[in-house]
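Given only the sequences and the hints, what does the whole structure look like? Please build it.
Protein sequence lines correspond, in order, to chains A and B. Under the working numbering, think of the first position of the first sequence as 1, with each following residue one higher. Under the working numbering, think of the first position of the second sequence as 1, with each following residue one higher.
Among the hints, erroneous ones may be present.
No farther apart than 25 angstroms at their CA atoms in a straight line, the calculated lysine to any residue pairs in the SDA-like style are these [said to hold, decoys possible]:
#	chain 1	residue 1	chain 2	residue 2
1	A	Lys51	B	Gly54
2	A	Lys51	B	Glu161
3	A	Lys57	B	Lys51
4	A	Lys51	B	Ala172
No lab work stands behind these hints: they were computed from the structure.
Listed here are the chains, written in short residue letters.
Number of protein chains: 2
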Amino acid sequence: MHMKKGLTLWFTGLSGAGKSTLSAPIAALLTEQGYNVEVLDGDEVRTHLSKGLGFSKDDRDTNIRRIGWVAKTLSKHGVIAITAAISPYRDVRDEVRGWVEKTGAGFIEIYVKCSIAVLAERDVKGLYKKALAGEIKNFTGVSDPYEEPTDPDVVVDSSVETIEESVRKIVAKLTELGYLQPHALRA
Amino acid sequence: MHMKKGLTLWFTGLSGAGKSTLSAPIAALLTEQGYNVEVLDGDEVRTHLSKGLGFSKDDRDTNIRRIGWVAKTLSKHGVIAITAAISPYRDVRDEVRGWVEKTGAGFIEIYVKCSIAVLAERDVKGLYKKALAGEIKNFTGVSDPYEEPTDPDVVVDSSVETIEESVRKIVAKLTELGYLQPHALRA
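This is the structure we're talking about:
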């Protein structure tokens, strides 16, 4: 299947909330349906496009605009671009939405919510402990702002949902919008 | 028409040699044949992906790798990415070729040759005069190196060819490789 216009699936949320964890099965489902899918992981893009940038607001904005520019360029040509960067600032996310929609492609913002309490408990990389102890500056959600989306297309909450429940919500939205066939998810 | 794997058309050559001038009609012909075509212009990419980078070897290499990474990602999804940046260093061009070919996409290096004498005479932006007077540091071909491709897929020479002649050479190569139908160029 080849769509003339593509889509940007924009995951946003705190570090460790589950953006990459959720984007992987969604990418797999869309690929299975014949779409060209490209996952733009925050870390990979930092390596290739944003080496040298730090975590000040300006540098974060620049990084997100670069991811957004690549997602826009891919979506314009029918690819489904999936991004999974924290993208803490609302105005830059909205700016990118504008770029993508201007090409005729779709833009779906997925807010992956999770409480700091749960994130600190999970703390896979040990970063929340350090940040809460004041040892990491500019740590989103602790010592740096995270602006929640005001009107996201999908909200999932990994504090209370299983991965399967969150995937189902996203699949439901993609089905509603015609990107996935009903029953794409058989599990 | 939708190809499973795309192509990167990599123009290289000195400033003012004719890279953008030649890429425009080629992009138009490929679009006319139904391909998804994206022109990654050196200046546009500098604005979106490489703001803050200068013209040292390291910064130039980083800029070219970023253009290359985007071209690779597009080509991987069936797009024809056309780049028109000076890209003075051979090793980085070859590195990008490796990335693109690894995805299964094609890579065609087009060397747009032009003598410094002719460029200085044309001097559309008045830059060669300044560079030859020693007023611009790191000016490719005058005060900074340009490494000619050792084995380009197409060579055009805008010192001695008309734009039409050069376009014909590129079209012939694209036809030979099956990207264009014979007689795509009717002029």
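Going through the hints against the structure:
Of the pairs offered as hints, the one joining A:Lys51 and B:Gly54 holds, with about 14 angstroms between alpha carbons and a cut-off of 25 angstroms not exceeded. Of the pairs offered as hints, the one joining A:Lys51 and B:Glu161 is violated, with about 41 angstroms between alpha carbons and a cut-off of 25 angstroms exceeded. Restraint check for A:Lys57 and B:Lys51: satisfied, since their Cα atoms lie roughly 16 angstroms apart, inside the 25 angstroms limit. The straight-line distance between the Cα atoms of A:Lys51 and B:Ala172 is roughly 39 angstroms, outside the 25 angstroms bound, and the hint therefore fails.
Consistency with the previously given hints fails for numbers 2, 4, ordered from lowest to highest.
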